[in-house]
Amino acid sequence: MDLINTSIAISAGINLMMGILVLFKGKRKIINQIFSLFALSVVTWSISMMLYRSAATVGDSIFWCKTLYVSPIFIVSFLICFAYLFPESSDKIKKYIYVIVFGSGISLSGLVLFTDMIIKSVEFAPGQEKKIIFGSLYYSIYTLFISGYFLWLYYILFRKLRRSSGIVRQQIIYIFSGILLGSIAGMLTNLTLPTLGNFSLNWAGQISSLVMVLLTSYAIVRLHLMDIRFVLRRYSVYLASLITILIPAIFLKYLLSLSFGRQSILIDFVVLVLSISIFSSVKDYYYRIANKYFFSSLYDAREVIADLSEKLKATLEVKMIYAFVSGTLVNVLHIKTMTVLIWNEKTREYEAAFDTGHERKERYSFTEEPGFYTEVIKHNRVIITDESKEKFGERYGRTIALLKKYDIHVLVPLLVKDKTIGLLALGPKESGDMYNHEDVQVLEIVGAQTAIALENALLYKETKDFNVTLEKEVKRATAELKAANVKLKELDAAKSEFISIASHQLRTPLSIIKGYISMMIEGNFGRLTDKKRDALEKVFLSNERLIRLVENLLNISRIESGKLQYDFEEMRLDELVRDVMDELSGTATGKGLSIDAELPAEALPPVGADEEKLRQVVMNLIDNAIKYTTKGRIAVSLKRAGDEIEFCVSDSGMGIRPEDLPNLFKKFSRGAGTSLVHTEGTGLGLFVAKKVIDAHSGKIWAESKGAGRGAKFCFKLPILKN
Amino acid sequence: MADAKKILLIEDEQILVELYQMKFENEGLNLIVAMDGEDGLMMAKKEKPDLILLDIVLPGMNGYQVLDALKADKETKNIKVYILSNLGQKEEIDQGLEGGADGYLIKANITPSQLVDSVRKVLDGQGAGVKKRRG
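Chains as they are written, first to last, in our numbering: chain A, 1 to 722; chain B, 1001 to 1135.
One or more hints might be untrue.
[Said to hold, decoys possible] Here are some, though not all, of the chain A residues that point toward chain B, as calculated from beta-carbon distances under 8 Å:
no., residue
1, Thr6
2, Leu510
3, Gly515
4, Ser518
5, Asp567
The hints are simulated quantities; they were obtained by calculation from the structure and are not laboratory data. It should be emphasised that the depicted structure is a prediction, and the values quoted were computed from it without experimental measurement. By construction, the Cβ of each residue, glycine as well, lies at the ideal position given by its N, Cα and C atoms.
Whole structure, please, built from the sequences with the hints as guidance.
Rendered as structure tokens:
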């Protein structure tokens, strides 16, 4: 067996293997069966060629020559059926096509096999390929049939190519190029050249059929097809690099062998090491050139990702992210439609949040088909619809149908941790090209970027919304508080007004009584007997006490509401004490009490005080002493004690029990038993006195040796500093 | 009428008016009386008194409004005004003094004699000491 026959045998073996492989990949699929029949026809064709070439007699040669010319009829017939059926058996072939194809094919085969109208004879030519003597109908019917049927086949494929998109398109490109290469080579060597009388390349068609079978089976079996442009680019770069290295290498080897002669193994080794070490940089260089000048229409993945990354960094607005991502992808990949689907936890659906390219603006959404999302989406960074259809079409028909309905070619899940927050749904490319490997890589990264950006933006939005709610709550609460405050202020004002008016109403009759009694005592209504005067003086003093009581009540109410205001001024306590003594001495002497004042000879330093309030305190304390003392004396003293002025009033009255001492200055507190003796005492005086002295930063206290042993009340005020 | 000086009392409490009228007459002072604010303003313009004793709680205009009206009128703004009231809280006193009153007297705290003393001091031009103090 010569070299040519060996080559033919190898390619026939490979073709046979392909036929078997495709058949096993889908035994029940009619398209796989038809492919296998096609492969079988090619194998038959190859075997016929081998046997024809090695046949020793003319008779054998004629027989194998006839099978050699029958096989292409079946090759092209099966290919036509295959082309009609591809990509799916769902494209039914109309029956008359079968009838036409196989009817004419079988008839022609009959003509070839059983008459000499196509193949007449074979002529041996020593040292050359045998010559075939063709019959009268060869040139007309046979060549027309084969070339005509191949044209028909091209036409079918061309039409399919134009209508297809995505992976199917890529598959058709593979099949079409395989068939085109194989058939043109085959027809050139086995049809055209023999027609012209040249049989020297007779055998080459069988070997070139390998391209056709391999490419077609690759297209059927492999789902993830490579973009031919990338293959082309990669291999042209490799080829250019190889040539660039090889030519100098050979030249170098030649030069070295000239000077060193026999040590060729060493020379080979040196050249090899050199070549390998520079290959990588040469290849990179060619890649750059190729990218720059020949493939500029293809995008630079790194640049696209970096650019999008920059844009996404600059925004926290969900809508901006949608716009950036779809803008970038549409521009770079030239996608017809693009939708961003966001998972809605409430409806448990992926809802279209952003859409571009769809003419009808119908909003679409995906309900979760149990299993699909957990099995398919979670485990894939990019889902190609065509592939999923192949793999999961039976299990998740509903989802696949939806994808088909909306013409979604690629789904990119937006994964954050274990959650799929959304999907990027990409439609077909404008060119109808499939999404190639590089696209898929870019989409994986873009998907991850988008997911993170969206998650951040959604979190930001949530926080923002929460802040808005919070702000509203605070506003509402503040408004309520304000309203409550206004109401309280109104109530407070009402209370103050009431007390003001009440005290005014009480004081008016008191001042009238005071006026008339004082005039009577002064003799304005005629001379009075001592007895009458004495009686009127008692009325006057009691009236004075009532006036003080009203004043104290008014002060207490002010203290309670925190509205008692002080008007601090520089003043002298000795003057004030003298005034009060003058006013009250009558009351004391009226009761038969002696009242003495122990005042310093020199004027005391001034204090900062509200004179009116302090007058009330002094008045209250001296008045109390008079009130609770039935006989004996009252002593008032005023002196300087360090940085303070101390005022004291002591009496020989009923005294205070030790247990009562702590409660004396509390509101409505009186010493036990006092109520029986002095009904007019309310205990308000001491309470007011303590509040006033406290407000002056002073100190007030009481001392007593016990019940019946007299009492002493004192207060201290700080001396005014300059 | 030993004293030619005229004092206008604006006061609505009839009994108090009688009391003060009696006292001032006894003391030989010329006291004229208005029973409400509007009347008081009219009399102040007409009579040109040397001193006005002004109550705060009055029917119709209150004392503060009367004071404002007096101080707003060229003819009456130079007349001395003493508030004579039973309202005696700090804010009430402050409001009166800020409104332009020359002094503030609390009725319940002074006898008619003390009032007369204060009035005499004011008319003699020594009124400053009475400011904010009881009589």
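- Hint numbers contradicted by this structure: Structure breaks hint 1 only.
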